[in-house]
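Going down the list, the sequences are from chains Z and P. Read in order, the letters of the first sequence are residues 1 to 425 in the working numbering. Read in order, the letters of the second sequence are residues 1 to 189 in the working numbering.
One or more of the hints may lead you astray.
In silico DSS-like cross-links for lysine-lysine, where the CA-CA straight-line distance does not exceed 30 Å [claimed, not checked]:
{"hint": "1", "chain 1": "P", "residue 1": "LYS51", "chain 2": "Z", "residue 2": "LYS336"}
{"hint": "2", "chain 1": "P", "residue 1": "LYS51", "chain 2": "Z", "residue 2": "LYS366"}
{"hint": "3", "chain 1": "Z", "residue 1": "LYS336", "chain 2": "P", "residue 2": "LYS136"}
{"hint": "4", "chain 1": "Z", "residue 1": "LYS327", "chain 2": "P", "residue 2": "LYS133"}
{"hint": "5", "chain 1": "P", "residue 1": "LYS36", "chain 2": "Z", "residue 2": "LYS345"}
{"hint": "6", "chain 1": "Z", "residue 1": "LYS366", "chain 2": "P", "residue 2": "LYS36"}
{"hint": "7", "chain 1": "Z", "residue 1": "LYS327", "chain 2": "Z", "residue 2": "LYS341"}
Simulated DEER-style distance windows between Cβ atoms [as the list claims (entries may be wrong)]:
{"hint": "8", "chain 1": "P", "residue 1": "ILE33", "chain 2": "Z", "residue 2": "PHE46", "range": "27 to 37 Å"}
{"hint": "9", "chain 1": "P", "residue 1": "GLU115", "chain 2": "Z", "residue 2": "ASP358", "range": "50 to 60 Å"}
{"hint": "10", "chain 1": "Z", "residue 1": "TRP71", "chain 2": "P", "residue 2": "ILE33", "range": "25 to 35 Å"}
{"hint": "11", "chain 1": "Z", "residue 1": "ILE15", "chain 2": "P", "residue 2": "GLU115", "range": "11 to 21 Å"}
{"hint": "12", "chain 1": "Z", "residue 1": "PRO210", "chain 2": "P", "residue 2": "PRO117", "range": "23 to 33 Å"}
Derived list of chain Z stretches under chain P, where covered just means 3 residues or more per stretch with a C-beta under 8 Å from a C-beta of chain P [said to hold, decoys possible]:
{"hint": "13", "stretch": "44–50"}
{"hint": "14", "stretch": "103–114"}
{"hint": "15", "stretch": "242–249"}
{"hint": "16", "stretch": "348–362"}
Just so you know, the hints here were simulated from the structure itself, not pulled from any lab data. All C-beta atoms, glycine included, are put in the ideal place defined by N, C-alpha and C.
Listed here are the chains, written in short residue letters.
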Amino acid sequence: MKKFSRYAPYIILLIMFIGHTVLYAQPQRFPRPEFEGGYTFPTHQFLYQRGPLWEYMDVAVLVIALLATAWMVIKKRSRQGLVWISVFSLAYFGFYRQGCICAIGSVQNLSLALFNETYAIPVSALLFFSIPLIAALLFGRVFCAGVCPLGAIQELTGFRQLRIPRQVEAVLSAIPFVYLGLAVLFAATESQFIICRYDPFVGFFRIDAPYTMVIFGSLLLIVGIFVNRPYCRYLCPYGVLQNIFSRFSVKHMTITPAECRNCRLCESGCPYDAILQSDPDAETERPARSWKESAIYLSVIPVIAIGLAVLLYNISPSLAVVNDNVKLAREIRLEKNEGIKAVSKNAVAFYESGKTEDELFAEEQKITGRFRKGAPWVGLFLGLSLGIGLFRLTARSVRKDYEPDRGRCYSCAKCMKFCPVKINN
Amino acid sequence: MDENKNNRESRRDFVKAAGRILLAAPVLALPVILAKRTDVKGFVWQIDPFKCTSCELCKSSCVMTPSAVKCMNAFPMCGYCDFCPGYLRQGAKTFNTAAENQLCPVGAIKRKFVEEPYFEYTIDEKLCDGCSKCVKGCYDFGNGSLYLQIMHNLCVNCNQCAIARVCPSDAISRVPAEDPYIRKEIKKL
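The following block holds chain P by itself, in its conformation from the complex (with noise of 0.2 Å):
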């Protein structure tokens, strides 16, 4: 009786310690089969301004609220317009600065007179939203120079983008933490 349960035991210590080996054996070997696939450095999201098509989907989908989607503008590729296709709204009656001429739904875009006849645009990121209406504004008709980026102070880094999963241009990829930034007038001059 007594040795058939130290048999039982015995047998039962086999098992487990098999069962051990065979669970940490792939477990520890995952860096080495992942040697090449492994990055240090980690990664971020960030919009390809050049693939955005402007669908206002960043403002609505990002976890933050505002989103940390912001607009930006290119500055060496902005033309100083006085009639800024971003700024003011298409349609209006009047060419003058007042709220129900501008475009931005949050008048987050300020415009500062340089000399004549040019206009310098700055955009406010605790007021812009990322709704990109200036955006595709500026892209219809002016330079394209007003584009979207996300801000990675704002940026929470999930682990999968809430917008990469909605944006129907798939603008929105991986790219390395120490170069976080796509920024137009960079890739374009």
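The shape of chain Z in the complex, shown without the other chains (with noise of 0.2 Å):
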């Protein structure tokens, strides 16, 4: 008896073991065939992706052609240069890497490797995030101008020019800021990669899309034929990257090549409406009232951020919808409280996968309480964002000059033909 009770937890351990292996086994409900006449498993081909090694040639290709274009922009001061350009990258970045890995999305792929440990960016993409910004710093939007496909096939296909009234202008142009915080926010909850899912342009990269996306990306396009680049100006979150960063660039290009002559030729050459007019008179104004006026929209900044912060903390729990999880456990939920039954392929699945409900509202829970955590900081991202375009409506600056715009000019250099100074070189 004393010698069983030793033996006794191998024994169970073996039942356990034989147990497991017979329920581990159950789907294999017919034994394996032993064939008699030397019969072999045919061979099937595991064929692999392109491997990393091409990823940093698009990586030496991104290089390439950010410098080219700025080359092309600031020394050569060449639009037909710049468009061979465009098409190259159209070509390569679009048609043949299939609009895969873009500049625009890699924001989500940083913000998923930012908040959440189980996640590893690759360094392509890490690169594909920072490389065009370090540019935007050092020559303006070049990415823009030459190299984004998605830039590139709204540049080849803007043959009018129909200028945006100011003001319908300014609220379009709030749009972005709104898509680039709520991309970051959902990449970082890991619901949804929202910026890679409305890609307008990739189905014509791939031919082949939703048809709902078909009509979107085509409706850009005709729209784009007379409202140039309106991706670009009313939707791209990482434009908003790019206009920071080109604010404060080393070198950008100009529209004369010399001294402007403020001959006012260039007003009307801009698609954008990024040409700073020039305005010597405004020296000689009284600037009593303006002072007054900017210290009033200074202290309005924190309030607005603050309010929009409270704003998007409250809307949180109906934003965390996007996610998978909470929307079926508020599915399930409904199903177990009013009695609606739960019938998407997710609840399906859920029933099938033997995951308990305790689990999934625990899961809802955590992904909610990320949602909380992180929307507040969209919101005050964009209170300080209306905040400070708001102040800088107040602020006059002085200038001699027709300037870009360094924040709103893509670069694109069709300004350039509309200044008579010429220099020969």
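Got two chains here, separate frames each, mind docking them using the hints?
Next up, the structure:
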């Protein structure tokens, strides 16, 4: 008896092991056949993706294209050269690489990596995020000018120039800020990559996309014939970063190669309304009232920022619906409390998976909590951008030349041909 | 007047330089912050066949048409059955290989006689559209040797997989690019 008790644990372990293998092998309903005639399993070729080396090749192409664009715009001042670079970028990053990976989407990879322990960002994605920003800090928005495939496809199809009223432009150009804020929030909470999901032109690059996205992309291109670069101006979230970085650029494209003669010929030359007009008279104005206005707007900045942070905090549970698990948990809860049957594919798969409801609800709580934590920061960012934007309206700057607005100028070089000043070199 | 202007210019230069440093610093610091969370070799998307519930969304959600998801047969697990539940439709009046009895809507499963009573089933990947009807049949009534995988010669490796976004059982995840397939037979045996 004593002997038995000594071996009992091992016996139990053995029984459990046998039981486990039986359970584990349960789907093996039919025994493996014992072939007599020397049968061998057919071989299957497991094909790989393009190697990682090629991704670094993409990075190299990116750097070369950025430098070429900067050289073309700042040194050569050649619109024709820029068009050729755009054609190349569209062909390489667009049609050959089929739109992935792009700098616009890399914002989300970065956000996911920054706020999640489990995800490791590919080095190429990190480089695709940071290299164009550094380029913007050095040469202005050369990435938008000729390297971004989404910019290139719009640049090459913008034939006419229709000016948008200033007020409409101002309202519409607030959308990218919201888009960026939400994209970062959704990526950080592991919910969705909305920038990739609503990429309008990737369908053209792949000649394959959902019906709605083809319609959306075509509409943008058709609008873009008249109102140039609609995606860049009114949607692109990466453009927000490019805009901010470009304002502090070391070198930037200029309209005139030498000294500006204030001839006003370039005034109507910019399709993006990004030319700051020369206004030497401003210096003689009395600044007294303007100072007061500035002070009021300055004090409003924190109010707007905190207000939006509170607003976003309060609507964060509604935002959390974009997460699949939260959506599923709400569906299951509705079934439990109200008796409305959960019929979605996710619900069916949930019941099949054997996960318990408590686990699901705990996960929902976790994700909603992360939304609550992240959303106020997005609100703060939006409020600060809005506040600073309003404050800048009151700032007067005295200009004696026609200059490009460094934030909004895409360095497309269209204005150069309007300048009568020529230098021979 | 001139001095005033010079002052303004130098102030503007100072603000610009400060802004430049403020913006450049975080971008340049990113590789350092993320030093431990970067990956040199990259990721690709793959289906975990043990989580897959063969819901048929792989067929319609992929950005490629036809889908980059294809069915595979794990031969070491296959029973080589005559009445293959992945090959023959349930409720067929007669059990022969006529087209109306086949489960696969595109006729991608090829049946070959090996020896009595065994038949080998291979998938013609050119025809397969990843609808997973055979996977469900084989899982429900057979050995579960048929399973879905993302074929990396077809997959364009989207930043976020369109199928992963809708997959109801979270079966699709990023896997290391140097080991891009989750082969059922290897995990199982």
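Do the hints match the structure? See the list:
1. P:LYS51 to Z:LYS336: holds, 25 Å
2. P:LYS51 to Z:LYS366: holds, 23 Å
3. Z:LYS336 to P:LYS136: holds, 29 Å
4. Z:LYS327 to P:LYS133: Roughly 27 Å separates the two Cα atoms, so the pair holds.
5. P:LYS36 to Z:LYS345: This hinted pair is violated, its Cα atoms lying about 37 Å apart.
6. Z:LYS366 to P:LYS36: holds, 25 Å
7. Z:LYS327 to Z:LYS341: Roughly 14 Å separates the two Cα atoms, so the pair holds.
8. P:ILE33 to Z:PHE46: 27 to 37 Å: holds, 36 Å
9. P:GLU115 to Z:ASP358: 50 to 60 Å: holds, 52 Å
10. Z:TRP71 to P:ILE33: 25 to 35 Å: Holds, since TRP71 (chain Z) and ILE33 (chain P) (Cβ atoms, about 32 Å apart) stay within the stated range.
11. Z:ILE15 to P:GLU115: 11 to 21 Å: With Cβ atoms ~38 Å apart, the hint is violated.
12. Z:PRO210 to P:PRO117: 23 to 33 Å: Roughly 46 Å apart at Cβ, these two residues miss the hinted range, so it is violated.
13. 44–50: holds (count 5)
14. 103–114: holds (count 7)
15. 242–249: Holds: 4 residues of the stretch 242–249 of chain Z have a Cβ under 8 Å from chain P.
16. 348–362: Since three or more residues must qualify, the claim that chain P covers the stretch 348–362 of chain Z holds, with 5 doing so at under 8 Å.
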